[in-house]
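Peer 1: Here is what each chain is made of, one letter per residue.
Protein chains: 2
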Amino acid sequence: MKIHMSNVLEQAQAAKKAWRILRRVDTASKNKFLSELERLLRAHMSDVLAANTRDLTDNPALSSSMRRRLTLSEESLTAMADGVRAIAELPDPVSEVIDSRTRPDGLRIERVRLPIGVIAAIFESRPNIIIDIAALAVKSGNAAIVRGGKEAMYSNDALYALIREALEIAGLPHDVIQQLTDRRHEAVAELVKLDTYVDLAIPRGGENLVRNVIDHARMPVIHHMRGMCHLYIDAAADIEKAIAITVNAKTSNPATCNSVESILIHTAVADTLLPRLIAALRERGVEIHGCPRTCAKDTECIPATEEDWATEYLDLKVSMKVVDSFEEALAHIERYSSGLTDGIITDNANSAEAFFRAIDSACVLVNASNRLVDGAQFGLGGEIGISTSRIHMRGPMGLADLTTPAYRVYGNGHLRM
Amino acid sequence: MKIHMSNVLEQAQAAKKAWRILRRVDTASKNKFLSELERLLRAHMSDVLAANTRDLTDNPALSSSMRRRLTLSEESLTAMADGVRAIAELPDPVSEVIDSRTRPDGLRIERVRLPIGVIAAIFESRPNIIIDIAALAVKSGNAAIVRGGKEAMYSNDALYALIREALEIAGLPHDVIQQLTDRRHEAVAELVKLDTYVDLAIPRGGENLVRNVIDHARMPVIHHMRGMCHLYIDAAADIEKAIAITVNAKTSNPATCNSVESILIHTAVADTLLPRLIAALRERGVEIHGCPRTCAKDTECIPATEEDWATEYLDLKVSMKVVDSFEEALAHIERYSSGLTDGIITDNANSAEAFFRAIDSACVLVNASNRLVDGAQFGLGGEIGISTSRIHMRGPMGLADLTTPAYRVYGNGHLRM
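Listed in order, the protein sequences are those of chains A and B.
Counted from 1, the first sequence has number 298 at position 298 by the numbering used here; the numbering is strictly sequential.
Counted from 1, the second sequence has number 224 at position 224 by the numbering used here; the numbering is strictly sequential.
Excised from the complex, chain A in its bound form:
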């Protein structure tokens, strides 16, 4: 027990020490790391895939959605390498001046982006996360201690070996990106108590994983807990767009947090829309849990219970409700949304603006699929997580979001009077 605790502490101390070097490293060295990581990912696909096969073989009891998230392929590894290149091509956010003001007495005050420090990243299943974190963290001048799920152990080890090699070739301190070596469950709680060395915790995974980090962390935590996402189809919606967007938002990858779970339909378009929308969803195997007015249009509709309005299915299921007004839709979303992403389909610009003002979610969309809420889709060079936290930023957390505005003050003998 004692020796484990000291490993966690030693890793955190080593990360902070390495960070003090990294935060001042020039852009060229950081991009060298990224180009090497990209090259190694493309060159060592078979090693990584062999490790991934071992994880899949060793964990036969995983659910099908866990299995899907864990499985790597040449395509997904190519996408990872492409993502690393995209991050290399983005401008270095460190020292970027985001605001400059000159006071009446001539004092010039600039706001510049500085790296956060050491990030503890705790995640499950999807092995691409370790690459996203390493690439985004290094480019933004941050160190990271990563802890993946044990079901992805061999995959993460294989990918981490490439990260270490790329760090070495680029001449960067290898402690900048570390895997937490202590595999005990308690090691996570120990790590996130070390606020002298770790500056931010980012948990990505199920509610238990996120709650465990929040309960123990002494440093800030950026996270999202659930993706209870809505689409509201307004009285002024274009019916074709509404059907295409809803089908995409529900069925393009139902296991992801940005998939829509609940659809609200204005009564004015219900008669025209509902039969076609239900048929389109049904064609893709979606199970519909509907309000009485929805079920009146569809014999296979399962009557929705109170629980359905609050359920994140993460599956080919959806809840549907006909509402009498825009205000009813807003009230429903305010009550049930998890604050990740909610959208409206409307051709009425005033309704869109009213929806934007009323809905407090991290990402609010008009006439676009909720599934577009993603760092790469937003052009942020991937994402280190999606935040529904209330400070720092909300939504997909990209490269620049791994920095914090600080002040630089230029005087000429200025005093406080």
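It cannot be assumed that every hint is accurate.
Pairs count within a copy or across copies, as identical chains cannot be separated in the list.
[As the list claims (entries may be wrong)] Result set (DMTMM-like, lysine to aspartate or glutamate): computed pairs, CA atoms no more than 25 Å apart in a straight line: (1) LYS17 / GLU306; (2) LYS17 / GLU307; (3) LYS16 / GLU353; (4) LYS17 / GLU165.
Read the hints as simulated data drawn from the structure, not as lab findings.
Let chain A serve as the given structure and place chain B on it in line with the hints.
Peer 2: Just chain B, lined up with the frame of chain A:
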């Protein structure tokens, strides 16, 4: 005990409910609150001063610096009213668009400022804080639950009565700004566990107060713990500016966190500068704890111990060290700074830029007094605190910093491919 716990919970719930209304209130109503608060502050000075006298009488054992922070006057009340007016005159940060990008496929992605939510503000002594918090929170669309020190109870109650009256006149829900009614010490820990209702904790005060909030908080905490601030006088410093800035940074209000505590002097200017600087500081009653080379210039100099380099005196005391190089100064600051504000005096622009790149503090200054690090001095309309936290922002936390960037996405039938 039970009833207290339920009070804290009820207050947090009421704050969240009131916030849901406030976050959508128009700028005019928020400014109406501010103009009424300003008017009431000017009209009720004698009531507030009587309450303040009672606090001072009831707490005869306070230290002189605590007493100074607690004492109100017509001047300080006028400054508070002026501060409220300054906040009224600033643009409303809510819904401000801070970034807009259009993706190759035409999807438009905006980043807009949204209110944080409910803020728990825990502070000591200085009764002006309750007014700063109320004014900044309401203007930025945030609710706040405030807990002042018991030594300022009557002053805070008198000021809070004005806040309540101004909320009422402006037609805003009165639960938007609440004082924590439970006066037990434990009530603070209970409040900051309620992360369902409270979104951010801002403790302002001594290390015990801040540590207590960090240890118990389930939501993010923005704070600064200490103000171990440095001034480095470079080889290329202008001697006159160096003396004026150092004297101002040390003596203009030594009890404040942005006062300088440690001065580093490049050996190249030590012979010219030290005798004059020591004389100027001595004239204002400053006790000097110096390195051997400093003490060689001054018979009254107290030899500095290792502890001195890490001590935030908050008093008319300063530590002084002659360094052989720019790099030695950087290493000293990296080792001992609390990360709040460190400055350089130099006429060499390259040295200033190198200092900016090397020093990781919330506010880094060139040729300006550390005492200028302040929300009002920076033109932010006052401050709700000063942050050395590693996310969200660093330095004086003003009006716009009480919002968080969120996404608005404008599509035209856009799908995830």
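Peer 1: Please go over all the hints and tell whether each is borne out by the structure.
Peer 2: The hints, checked one at a time:
1. LYS17 / GLU306: For LYS17 and GLU306, only the inter-copy Cα distance (22 Å) is at most 25 Å; the intra-copy one is 52 Å.
2. LYS17 / GLU307: Between copies only: 23 Å across, 49 Å inside.
3. LYS16 / GLU353: Intra 45 Å, inter 24 Å, cutoff 25 Å: inter-copy only.
4. LYS17 / GLU165: within (20 Å within a copy, 53 Å between copies)
Checked against the numbered hints above, the structure violates none of them.
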